[in-house]
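Protein chains in written order, with my numbering: chain A, 1 to 778; chain B, 1 to 277.
Note that these hints are calculated values from the structure, not bench results. Accuracy of the hints is not assured; some may be wrong.
[Unchecked claim] The calculated lysine to aspartate or glutamate pairs, modelled on DMTMM-like cross-linking and capped at a C-alpha distance of 25 angstroms, are: (1) Lys-136/B / Asp-371/A; (2) Lys-23/B / Asp-754/A; (3) Lys-129/B / Asp-593/A; (4) Lys-23/B / Asp-712/A; (5) Lys-448/A / Asp-593/A; (6) Lys-195/B / Asp-216/B; (7) Lys-265/A / Glu-86/A; (8) Lys-227/B / Asp-473/A; (9) Lys-257/B / Asp-690/A; (10) Lys-23/B / Asp-750/A; (11) Lys-227/B / Glu-596/A; (12) Lys-380/A / Glu-187/B; (13) Lys-170/B / Asp-750/A; (14) Lys-767/A / Asp-26/B; (15) Lys-477/A / Glu-109/B; (16) Lys-369/A / Glu-138/B; (17) Lys-477/A / Glu-187/B; (18) Lys-129/B / Asp-690/A; (19) Lys-284/A / Asp-190/B; (20) Lys-170/B / Glu-211/B; (21) Lys-227/B / Asp-426/A; (22) Lys-380/A / Asp-190/B; (23) Lys-761/A / Asp-26/B; (24) Lys-257/B / Glu-474/A; (25) Lys-23/B / Glu-749/A; (26) Lys-30/B / Glu-642/A; (27) Lys-31/B / Asp-754/A; (28) Lys-227/B / Asp-712/A; (29) Lys-30/B / Asp-751/A; (30) Lys-195/B / Asp-690/A; (31) Lys-31/B / Asp-751/A; (32) Lys-211/A / Glu-107/A; (33) Lys-23/B / Glu-741/A; (34) Lys-537/A / Asp-190/B; (35) Lys-380/A / Glu-141/B.
[Claimed, not checked] Now the stretches of chain B that chain A is said to cover, found in silico as 3 or more residues with beta-carbon under 8 angstroms: (36) 21 to 29; (37) 34 to 44; (38) 48 to 56; (39) 61 to 75; (40) 116 to 125.
Yeah, the Cβ is synthetic: ideal placement off N, Cα and C, and Gly gets one too.
One-letter residues, chain by chain:
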Amino acid sequence: MKTTKPLVYGTLTVLCLLTQLMSYAQKKYTISGYITDARKGETLIGAEVEASGTKSQFTTSNEYGFYSITIEEGSYKLTFSNIGYEAIVENVQLSGNTKLDIKLREETDNVLEGAGISTQADNSNITDNRMGVERINVKEINKLPVLFGERDIVKAVTLLPGVKSDGDGSGSFYVRGGAADQNLVLLDEVLVYNPSHLLGFFSTFNSDALKNVTLYKGNMPAQYGGRLSSVMDIQMKDGNNQDYSVSGGIGLISSRLLVEGPIVKDKGSFMISGRRTYADLFLKLSNDTSLQKTILNFYDLNAKASYKISDKHRVFFSGYLGQDNLGIANAFGLDWGNRTGSVRWNYQVNPKLFSNTTVAYNDFAYNVKVDLNVFNSTIKSRIRDWSLKQEFSYFLNANNEIKAGFQSVYHKVNPGSYTGDINIQDLPLNYSWENAVYANNTWKATRKLTIDYGLRISTFTALGGEQPFYTLDENRKVTDTRYYDKGAFVKSYINPEPRLSANYVINPSLAVKAAYARNAQYMHLLSNSAASNPTDKWIPTNNIIQPERSHQVSLGIAKNLKDNMFALSLEGYYKTMDNQIDYVDGVNILSNDAIETQLLYGVARAYGAELLVRKNKGKLTGWVGYTLARTEKQIDGINNGEWYAARHDRTHDISVVAIYDITRKLTLSGTFVYYTGNAVTFPSGKYTIDNRTVFLYTERNGYRMPAYHRMDLNATYQLGKRKGRWESELTVGMFNVYGRENAYTITFEDDPDDPSRTQAKRTALFKFVPSISYNFKF
Amino acid sequence: MKNILHCTLLSLGLTALFSSCQKVIDIDLKKAEQRYIIDALITDEEGYNFVTISRSKPFDEDNSFERIYYATVWIKDLQDNISYPMTIGAFTTRYTNAALAARTGSSYELYVAIGGDTLTAVCTVPETKVALDSIKIELSEFSMFLGRDIYVGVPVYKDPPGRGNYYLLKSYLNGQNTLPASYDSDEFIDGQVNKSPVFFRNIDREDSVAEFSNGDTLTVELFSISKPVYEFYFTLGQNSSAALSNPANPRSNVFGKNVIGVFNAATVSRKSIIADY
Chain A
1 MKTTKPLVYG TLTVLCLLTQ LMSYAQKKYT ISGYITDARK GETLIGAEVE
51 ASGTKSQFTT SNEYGFYSIT IEEGSYKLTF SNIGYEAIVE NVQLSGNTKL
101 DIKLREETDN VLEGAGISTQ ADNSNITDNR MGVERINVKE INKLPVLFGE
151 RDIVKAVTLL PGVKSDGDGS GSFYVRGGAA DQNLVLLDEV LVYNPSHLLG
201 FFSTFNSDAL KNVTLYKGNM PAQYGGRLSS VMDIQMKDGN NQDYSVSGGI
251 GLISSRLLVE GPIVKDKGSF MISGRRTYAD LFLKLSNDTS LQKTILNFYD
301 LNAKASYKIS DKHRVFFSGY LGQDNLGIAN AFGLDWGNRT GSVRWNYQVN
351 PKLFSNTTVA YNDFAYNVKV DLNVFNSTIK SRIRDWSLKQ EFSYFLNANN
401 EIKAGFQSVY HKVNPGSYTG DINIQDLPLN YSWENAVYAN NTWKATRKLT
451 IDYGLRISTF TALGGEQPFY TLDENRKVTD TRYYDKGAFV KSYINPEPRL
501 SANYVINPSL AVKAAYARNA QYMHLLSNSA ASNPTDKWIP TNNIIQPERS
551 HQVSLGIAKN LKDNMFALSL EGYYKTMDNQ IDYVDGVNIL SNDAIETQLL
601 YGVARAYGAE LLVRKNKGKL TGWVGYTLAR TEKQIDGINN GEWYAARHDR
651 THDISVVAIY DITRKLTLSG TFVYYTGNAV TFPSGKYTID NRTVFLYTER
701 NGYRMPAYHR MDLNATYQLG KRKGRWESEL TVGMFNVYGR ENAYTITFED
751 DPDDPSRTQA KRTALFKFVP SISYNFKF
Chain B
1 MKNILHCTLL SLGLTALFSS CQKVIDIDLK KAEQRYIIDA LITDEEGYNF
51 VTISRSKPFD EDNSFERIYY ATVWIKDLQD NISYPMTIGA FTTRYTNAAL
101 AARTGSSYEL YVAIGGDTLT AVCTVPETKV ALDSIKIELS EFSMFLGRDI
151 YVGVPVYKDP PGRGNYYLLK SYLNGQNTLP ASYDSDEFID GQVNKSPVFF
201 RNIDREDSVA EFSNGDTLTV ELFSISKPVY EFYFTLGQNS SAALSNPANP
251 RSNVFGKNVI GVFNAATVSR KSIIADY
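So here's chain A without its partners, still in its complex pose:
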């Protein structure tokens, strides 16, 4: 059964595609080209192209700024537009395939990245054929108030309905009941394993270097896969191919610098962006000895170069390097970092066929160091992927746009190698191979109905090598240990993942949407800590650990009001997940013995409704989001196998975001969030044993943290231009303006002043945290 399923799905997809192919007869020609920013030469993603004439057609540019539209011969008025840019109209007499590159000019071309207010709004949210997608405006995000003034794309995303943060000091995010490891975070098509800095206080991504961010809340198209809950697809800036420019910022805890410019004007560009924090400098001022000796910093570097070899060929080189250092004097150290690199080759085979080939490498590593007289050791752990992805975009005709391709990833996991006093052998390396083929068609069935359908077939193979494969009995005791030759296929899995998304436009301001997606995930993150921790373990699927799988159905409605000034959307979803993994109670995560003996398995379900009201035009813009949701788990061996609330089960989640342009120079912004506290495990009694008071637990996640709420404010002032091209702005902000003491942890202990009593103690992290930063550009 398992093997015939993909065949059935595959055949159906091919049949559907063939039907589309049959339906074209008349003489048609293709207009294609790139849409770029006139001043910088950056390609524009998702720019809209509308051809009106004998028949109207509509398309958008792809992630490389390429568009292709095929229409019957005749005369057309082509309108090119993109939010924040002045639209361009071209009249075309179509009598053959036409190449037409378009340069759009920014509406307010003289302000800093931080400003640039959109004065127009469109109804792309209505016509968008996908649902559960958030196209994030990096410029808008940059205006929001943030902790310590560090602009943070992940924090901004958590202000959207259906996306949850983990509270203060966490860089993790949770989408529609999924876990933190179920988000596919891609930076220029390379997977990033640990997208957070400083144990989660900051996101890995320096938003200066980012061009475009798209978040798919579970209904991802077939070209994405490998994670259950979401895709966060991030593109870095290509760099200005017209002129050199430098921008940067000096903040309370970090400074940033970005340099970009042409390699060859109009043909090639580069961008290098760096950020370094110096949070630990402030700790030196502390009068606490242990704080003075604390090392706490990170840096990251984004670099990208692109080159247009000819009209048909372009290459892109992207690199990212991020490193965190945490330690106490020289005695303890924990450092970790992500390194990613990719080379991409765009080949425009013909006006209708666009090809992209990506070769990528990523590397996530952490080292734990102890350097004491009594004990001296270093533990290194590392996970590396090599991947190849080939994708074809075929702009078949006005009504069908097909994407098809394959992806192959080789994983190499080094769980730990030891040096120093620890007298044990290095842990065996783990090898595995993940593959997928996919095809997706965006089919404009009628003028009102668009159906996006596709199929991804993914496979995963645990490979032999140093890695032992265990057999466990019902008490999770190892009964057999086997080794296989290097490269041998020990255990393979195959999962068909059909994807469907449909949009029916009732009128230009009202649409209904529906979607279904099945996803499979083969790499799993095991965590037992309350805070996200770089030493959390990534473990691949093997003979015992099964691939996680999910089904998600969603329904939605989108409505615009007052000439698209207000955009409303309401979406509901229901999701089930199987092969979910959890640790046994009291797990020893530091032990190197077979991890499989410490795992439990079960299922999860999540459902909810998400309401979003956006105001897109005028001096005041922003949104209000509300999510009503439930996320539950059922794991054999936890809570007697009954359903219980997952840690991130949040009944209510409200976020309000407002950006107000008082004058052309002064912008105020504010955010407010409120959400139900996490489900947590608290004691329901106590006892004494071994000279201590011990707490009695009755069930997992049977209690709630107090509700979380917070308001942040921010003001940005353009300092005006000095001579030349110098521009600068000053941003001041306040995080948690009314000083709410949100519980980071609640701990239980003996009262230090009265040992005959016990007490509950709440730790709150940040209140009234001011920030100031100065940004410049020339």
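Got chain A; can you put chain B on it based on the hints?
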């Protein structure tokens, strides 16, 4: 050792950094059904054994826990099928038997009857008895973080080659054992001499930090314990760790209705020194 590392990193590195904002709060906690709490030890030293039985209580009540003195308790040597009744003597609060001595490699059964409830456990004494060689007094390397000198005792013993040895260490300051026991496995020190310290606590001192003075008598007991007993102490140690998202009850090796507890059949080796640093 690695526990210390982990906790230190997380607690010192993070919590201390932002702990400016701590407050004792009221939480409405449920009142769980009462549990029997068993702490039982038998050793290879004749007469050094005890069973204590107490009960759990709601969180918001005080820390005086009810002890049970009316239970029927015996321990049975499963090799020679001899049962030893455990009784409360005139001056003790624990159930003991002066004639009982555990043998290495032998299995023992604990039986407790309280009213209509029966609690049982089986534990095997490890085959190998590891002897404590001496206690070394050292200046703790944590001193530099705490800003003052802290002295610790390092019990010197050599782990026999081959995995599977587990240890429990109890420290006594002038004959008083006031701190929770330390536990260790040989996973990371297989075949090596132990370097991890144990702490001593002078309860008469105000600061209540692990410390001792010159002239104090320091005693360490080293127990070679079985894996289930190690797992009990390991999971007990994690019981209230704030860094964990899923705290849980320790993994008991005593079974029955509403019981949490440990039955530790072990070998013991003891050394004492007079502090002089």
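Consistency of the hints with the structure:
Straight-line distance between C-alpha atoms of Lys-136/B and Asp-371/A comes to about 20 angstroms, which keeps the hinted pair within the 25 angstroms bound. A distance of roughly 16 angstroms separates the Cα atoms of Lys-23/B and Asp-754/A; the hinted pair therefore holds under the 25 angstroms criterion. The hinted pair formed by Lys-129/B and Asp-593/A meets the criterion: a straight-line CA distance of about 24 angstroms does not exceed 25 angstroms. Taking the CA atoms of Lys-23/B and Asp-712/A, the gap is about 23 angstroms. The hint holds against a cut of 25 angstroms.
Annotation: proposed proximity of Lys-448/A to Asp-593/A is violated, straight-line Cα distance about 58 angstroms (limit 25 angstroms). Between Lys-195/B and Asp-216/B, the direct Cα distance comes to roughly 22 angstroms. Compliance with the 25 angstroms bound is thereby established for this hinted pair. Using a Cα cut-off of 25 angstroms, the hinted pair Lys-265/A and Glu-86/A holds, with the two alpha carbons roughly 23 angstroms apart. A threshold of 25 angstroms between alpha carbons decides the hint, and for Lys-227/B with Asp-473/A the separation of about 18 angstroms falls inside it, so the pair holds.
A distance of roughly 21 angstroms separates the Cα atoms of Lys-257/B and Asp-690/A; the hinted pair therefore holds under the 25 angstroms criterion. Proximity of Lys-23/B to Asp-750/A is assessed by CA-CA distance (about 14 angstroms); at most 25 angstroms being required, the pair is judged to hold. Distance check on the hinted pair: Lys-227/B and Glu-596/A sit about 18 angstroms apart at the alpha-carbon level, within 25 angstroms; holds. Proposed proximity of Lys-380/A and Glu-187/B is supported: the alpha carbons are some 17 angstroms apart, at most 25 angstroms.
Distance hint between Lys-170/B and Asp-750/A is fulfilled; the C-alpha atoms sit about 21 angstroms from each other, no more than 25 angstroms. As the CA atoms of Lys-767/A and Asp-26/B are separated by approximately 21 angstroms, the hinted pair is consistent with the 25 angstroms bound. Taken as a hint, the Lys-477/A and Glu-109/B pair is honoured in the structure, with Cα atoms around 23 angstroms apart against an allowance of 25 angstroms. For the hint linking Lys-369/A to Glu-138/B, the alpha-carbon distance of about 22 angstroms falls within 25 angstroms, and the restraint holds.
A distance of roughly 18 angstroms separates the Cα atoms of Lys-477/A and Glu-187/B; the hinted pair therefore holds under the 25 angstroms criterion. Annotation: proposed proximity of Lys-129/B to Asp-690/A holds, straight-line Cα distance about 22 angstroms (limit 25 angstroms). Restraint check for Lys-284/A and Asp-190/B: not satisfied, since their Cα atoms lie roughly 40 angstroms apart, outside the 25 angstroms limit. With a CA separation close to 15 angstroms, the supplied pair Lys-170/B and Glu-211/B stays within the 25 angstroms bound.
Between the alpha carbons of Lys-227/B and Asp-426/A the distance comes to roughly 23 angstroms, so the proposed pair stays at or under 25 angstroms and holds. For the hint linking Lys-380/A to Asp-190/B, the alpha-carbon distance of about 20 angstroms falls within 25 angstroms, and the restraint holds. The straight-line distance between the Cα atoms of Lys-761/A and Asp-26/B is roughly 9 angstroms, inside the 25 angstroms bound, and the hint therefore holds. For the proposed pair Lys-257/B and Glu-474/A, the alpha carbon gap of about 23 angstroms is at most 25 angstroms, so the pair holds.
Between the alpha carbons of Lys-23/B and Glu-749/A the distance comes to roughly 13 angstroms, so the proposed pair stays at or under 25 angstroms and holds. This hinted pair checks out: Lys-30/B and Glu-642/A have alpha carbons roughly 19 angstroms apart, not beyond 25 angstroms. Between Lys-31/B and Asp-754/A the alpha-carbon distance is near 22 angstroms, which keeps this suggested pair within the 25 angstroms criterion. A threshold of 25 angstroms between alpha carbons decides the hint, and for Lys-227/B with Asp-712/A the separation of about 52 angstroms lies outside it, so the pair is violated.
Of the supplied pair hints, the one linking Lys-30/B and Asp-751/A holds, its CA atoms being roughly 20 angstroms apart against a limit of 25 angstroms. Among the hinted pairs, Lys-195/B with Asp-690/A is consistent with the structure: their alpha-carbon atoms are about 23 angstroms apart, no more than 25 angstroms. At most 25 angstroms may separate the alpha-carbon atoms for a hinted pair to count; Lys-31/B and Asp-751/A meet this at roughly 20 angstroms. The hinted pair formed by Lys-211/A and Glu-107/A meets the criterion: a straight-line CA distance of about 17 angstroms does not exceed 25 angstroms.
Of the supplied pair hints, the one linking Lys-23/B and Glu-741/A holds, its CA atoms being roughly 9 angstroms apart against a limit of 25 angstroms. Proximity of Lys-537/A to Asp-190/B is assessed by CA-CA distance (about 24 angstroms); at most 25 angstroms being required, the pair is judged to hold. Between the alpha carbons of Lys-380/A and Glu-141/B the distance comes to roughly 23 angstroms, so the proposed pair stays at or under 25 angstroms and holds. Restraint check on the segment 21 to 29 of chain B versus chain A: 8 residues with Cβ-Cβ distances below 8 angstroms, three needed, restraint holds.
Given as covered by chain A, the segment 34 to 44 of chain B passes the check, having 4 residues with a CB less than 8 angstroms from a CB of that chain where 3 are the minimum. Proximity of the segment 48 to 56 of chain B to chain A, defined as three or more residues with a beta carbon under 8 angstroms from a beta carbon of that chain, is established by the 3 residues found. Remark: the segment 61 to 75 of chain B is confirmed as covered by chain A, as 4 of its residues place a Cβ nearer than 8 angstroms to a Cβ of that chain, reaching the required three. Counting residues of the segment 116 to 125 of chain B whose C-beta lies closer than 8 angstroms to any C-beta of chain A gives 0; at least three are required, and the coverage claim is violated.
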